[in-house]
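S.K.: Build the complex: two chains, separate frames, hints provided.
Read off the chains here:
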Amino acid sequence: MPHWLSLMVDSFWPLLYAGVVFTVPLTLLSFAGGLLLGFAVALARLFGPSPLVKVARFYVWFIRGTPLLVQLFVIFYGLPNIGIVLDAFPAALIGFTLNVGAYTSEVIRAAIASVPRGQWEAAYSIGMSWTQAMRRTILPQATGLAVPPLSNSFISLIKDTSLAAALTVPEIFQAAQRIASVTYEPFILYSETALIYLFFSSVLSSAQTRLEARFGRHSSPLGAAG
Amino acid sequence: MPTSTAKTGAAIRLTGVTKHFAGSATAAVHPTDLAIEAGEIHGIIGFSGAGKSTLLRLVNLLERPDAGLVEVGDDELSALPPLALRAARRRIGMIFQQFNLLHNLSVAENVAFPLRIAGDSPASIKARVAECLDYVGLSAKAAAYPGQLSGGQKQRVAIARALAPNPGVLLADEPTSALDPRTTQSILDVLADINQRFGVTVLLVTHEMSVVRRLCHRVSVMDEGRIVEQIDLRTGFTAPRSELARWLFASGEASPAEATQPATVAAATSAPATAPANTSAAVPANAAARAIVVTPANAPFREVYHA
Ligand SMILES: Nc1ncnc2c1ncn2[C@@H]1O[C@H](COP(=O)(O)OP(=O)(O)O)[C@@H](O)[C@H]1O
Ligand SMILES: [Mg+2]
Numbered sequence: 001m002p003h004w005l006s007l008m009v010d011s012f013w014p015l016l017y018a019g020v021v022f023t024v025p026l027t028l029l030s031f032a033g034g035l036l037l038g039f040a041v042a043l044a045r046l047f048g049p050s051p052l053v054k055v056a057r058f059y060v061w062f063i064r065g066t067p068l069l070v071q072l073f074v075i076f077y078g079l080p081n082i083g084i085v086l087d088a089f090p091a092a093l094i095g096f097t098l099n100v101g102a103y104t105s106e107v108i109r110a111a112i113a114s115v116p117r118g119q120w121e122a123a124y125s126i127g128m129s130w131t132q133a134m135r136r137t138i139l140p141q142a143t144g145l146a147v148p149p150l151s152n153s154f155i156s157l158i159k160d161t162s163l164a165a166a167l168t169v170p171e172i173f174q175a176a177q178r179i180a181s182v183t184y185e186p187f188i189l190y191s192e193t194a195l196i197y198l199f200f201s202s203v204l205s206s207a208q209t210r211l212e213a214r215f216g217r218h219s220s221p222l223g224a225a226g
Numbered sequence: 001m002p003t004s005t006a007k008t009g010a011a012i013r014l015t016g017v018t019k020h021f022a023g024s025a026t027a028a029v030h031p032t033d034l035a036i037e038a039g040e041i042h043g044i045i046g047f048s049g050a051g052k053s054t055l056l057r058l059v060n061l062l063e064r065p066d067a068g069l070v071e072v073g074d075d076e077l078s079a080l081p082p083l084a085l086r087a088a089r090r091r092i093g094m095i096f097q098q099f100n101l102l103h104n105l106s107v108a109e110n111v112a113f114p115l116r117i118a119g120d121s122p123a124s125i126k127a128r129v130a131e132c133l134d135y136v137g138l139s140a141k142a143a144a145y146p147g148q149l150s151g152g153q154k155q156r157v158a159i160a161r162a163l164a165p166n167p168g169v170l171l172a173d174e175p176t177s178a179l180d181p182r183t184t185q186s187i188l189d190v191l192a193d194i195n196q197r198f199g200v201t202v203l204l205v206t207h208e209m210s211v212v213r214r215l216c217h218r219v220s221v222m223d224e225g226r227i228v229e230q231i232d233l234r235t236g237f238t239a240p241r242s243e244l245a246r247w248l249f250a251s252g253e254a255s256p257a258e259a260t261q262p263a264t265v266a267a268a269t270s271a272p273a274t275a276p277a278n279t280s281a282a283v284p285a286n287a288a289a290r291a292i293v294v295t296p297a298n299a300p301f302r303e304v305y306h307a
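Heads up: the protein sequence lines correspond to chains R and L, in order.
The numbering of the first sequence is the UniProt record's numbering, which starts it at 1 and goes up by one.
The numbering of the second sequence is the UniProt record's numbering, which starts it at 1 and goes up by one.
Incorrect hints may have been included.
What the hints assert, rightly or not - Estimated spans, in silico, between C-beta atoms of each pair:
| hint | chain 1 | residue 1 | chain 2 | residue 2 | range |
| --- | --- | --- | --- | --- | --- |
| 1 | L | Ala144 | R | Thr168 | 55 to 61 Å |
| 2 | L | Arg241 | R | Val55 | 54 to 60 Å |
| 3 | R | Pro25 | L | Ser24 | 22 to 28 Å |
| 4 | L | Gly16 | R | Ile82 | 58 to 64 Å |
| 5 | L | Ser24 | R | Lys54 | 22 to 28 Å |
| 6 | R | Lys54 | L | His20 | 22 to 28 Å |
| 7 | L | Leu80 | R | Leu69 | 51 to 57 Å |
Derived from the structure by calculation, the hints contain no laboratory data.
All values derive from a computational prediction rather than experimental measurement.
For glycine and all other residues, C-beta sits at the position ideal for the given N, C-alpha and C.
Just chain L, with the same shape it has in the complex (with noise of 0.2 Å):
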């Protein structure tokens, strides 16, 4: 699989968008600031109608802002023309909480069907469809149909046809929350691959703190379309301030077991081989803080940004 090269400066930046949808009372999204650096992985949580899926969406520009400057790359997508916004959404993966696989189509045709959008030669994608399957270790099944897959495979799909046209950005929209726990650490565990490996830039919505304790470096807690706070899970740790982020990060999916289990335990149970076993350290001790645990799964994070 070839790499992509870790892009500098912000990898994704909305300025002031809003959106509201015709007929409801409030915006859906309140004008917004959100700056994504390259290489991060950064969650957006908050509670079903928060806004979430709508500001995820704004990125790409499935949903037009109705004010505001959508930046991804170097691109300034809100100002391009149809034919340049889809060549811009090509480098944008996105992937679903219901997977949306073309049904009518093949496994190995949904992956192919970016790259024959964009042109490619047959040869080239017949060569990157086998390498993207390949990653995610659905090669055996290239010819089967999205209706004969788990939900699993099929977000495994999903994923390798997010990448490959070979993205900078990969957006993601509830990726695990139709997927058993099992399931969820494995798509987990190739989210977070992607990041270490080729640099991609996740952009991640989910209601479920337990992925953003395992993936994410940064997270948007949102709130009636609102960012209310963003968390740092890199950095030792800042104690969420508001309400929300409080309820968030000290409830849990996580027992208290989980949440003070130490990062080489983990490791031994659901890690990437190369995650480095001292990365517990920065576990603060006040109650709140508790709740966040530097996982493996975001340790190589570490190893990219401050080695």
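Pulled out of the complex, with its shape left as it was, chain R reads as follows (with noise of 0.2 Å):
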């Protein structure tokens, strides 16, 4: 076997075991948080108070102002010197959530608005309460319009992830510089950790392409007009 063979086959495992134990985990629990606070804070810009509006806004205008990898240097290094210490994944997790949060909190939001007003005016005039309506009726359609910018988030965030490296969290990208460092052999180690990225993108789009498939089927933007 020729040495470069070698190497990457040595390293493979390495790489796999950190995307499967921290790589993936981080993406998929800081997305799914992200959803929540994103869909919290969308909810908050159309439908709440003005002071929670004011907050919302300025949320959302702080995270998508400021690069994320000083983001999350503030959360790891910069909060313990207010004594708040996080471990390296709390502190990633945090980090991406609040990233996430920030901009598909714009997806909804933008996807709710557009259900047409006609919506609401039919769900409350035979009788649905808010809830209902939103439930029932406005979410539905609103899901068929996200999922397609919901899903190229999260295929940005699984590659987003690899900064989680600089806060010492021991993921795909942290795993290669560390075998690099003692083969020195950088070439070879991240053209494969490029590989094994657009693995487990490749795999996570085809899930987002049935996703899609699912959710786009009777909500499609063009039957509008009903």
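M.R.: So, in structure tokens, the structure goes:
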């Protein structure tokens, strides 16, 4: 076996392990948390009282206007200065969740707002409450509109988790750096790392395609004049 | 289709209702009184922006009045707490220009929805949905989705959905304005039939005089947030007094030929079979009034009220 190939094979399992144990959980957990947060922020901005709207707007403005890496550094390296010490993984999880929450709140807000006003009126006119209208007719339609952009955010997130390496989270990229620093073969290792990210994002993209097909079925905006 | 019993007295009564949208210079609806008789088909006509839709939406409180009283049947809607208001809304059907079917639901699910919200049993919902879809002639489309229907079919589904809870009152906001003339006629026929057969009171917003002529018993002419005139199309005729009403009544989507067409001819083309042939007796002689013909579509009303 040529040297480069045995190097790749040797490092394959540690990299895959880092992906399965750190990258994937970090991605899934922060995306789930970010979605919940984004949903709450979207509702606050659309329907909340004005102070809440202001807080929500500030949050989105702040997160979208600052680099993710800087946000992660503030949380992990900065907060201990004011007495809040977090382990690397929870710090990364909080950072990614806040970041995902800001971006997805904009997507969810736009999707809910783009469900035609007539759908609310029809729902109210047949005696639904706000909650019923939201759950039974507005959200199902908004979901169809939100799934494609949300799954794009999800794919971006998988790749963005490589920034957690800078917080010492032993995810894929961190593992790669560690191996590269002892083997002195950065070209081979980082190329392999790229392939491993490619593998994870491809697997998750195909899940995305299936999700879109499922939610897009009867709620395409083209069917809107109904 | 079970019949709803015809009510007595005013079916809808608005007393001094006003609506001023935040940020606009004038009120959309100035203090307005309006009483709709039970069993009546009442039109609200006026130009775009006159406040017709706002007035209609005040009836089921889709729009909250700034002041005034909204009564529908025995309920004072404007005083009801949320839960009771939602229950009251189930007794008030509503249809829209853009149909507003719930896109994520099938035709049958759309019609079933008000009944499910009301907590009816699955068996009775199923029966009622079948009955209502049969009434509007769309049983075959029960499993279709709104996106797969034509405009006329969508409006029929919307009518079936509005009728499902057996409402005493139906609100219609430009229900035919997005439809071609033939489909318009078929929808107007359905509305007339609902009124005649089930005694449902209909309050209908339109900007088309032809719709008023073909369907309404009375019409309120609205301009800049006020009802400027009310005209009764049943009792022979009172000539329109306001300039707007005169203009509306004299102008015409209706050609002179159509305007003076005897009801017997119209009956042969588009009328329900029950229309008596002598309904044109009341056509008055003056020019403005010539525009109004008691069409077969509103002829059944004469039976209800004067027989
Ligand atoms: N939700 C709303 N917010 C602000 N202004 C509104 C709203 N709905 C209607 N209006 C205004 O109120 C006036 C009457 O509107 P509307 O009742 O829709 O008229 P019409 O149905 O006769 O065309 C218009 O000037 C319109 O712009
Ligand atoms: Mg209108």
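S.K.: Kindly indicate which numbered hints from before are broken by the structure, ordering the numbers from low to high.
M.R.: 3
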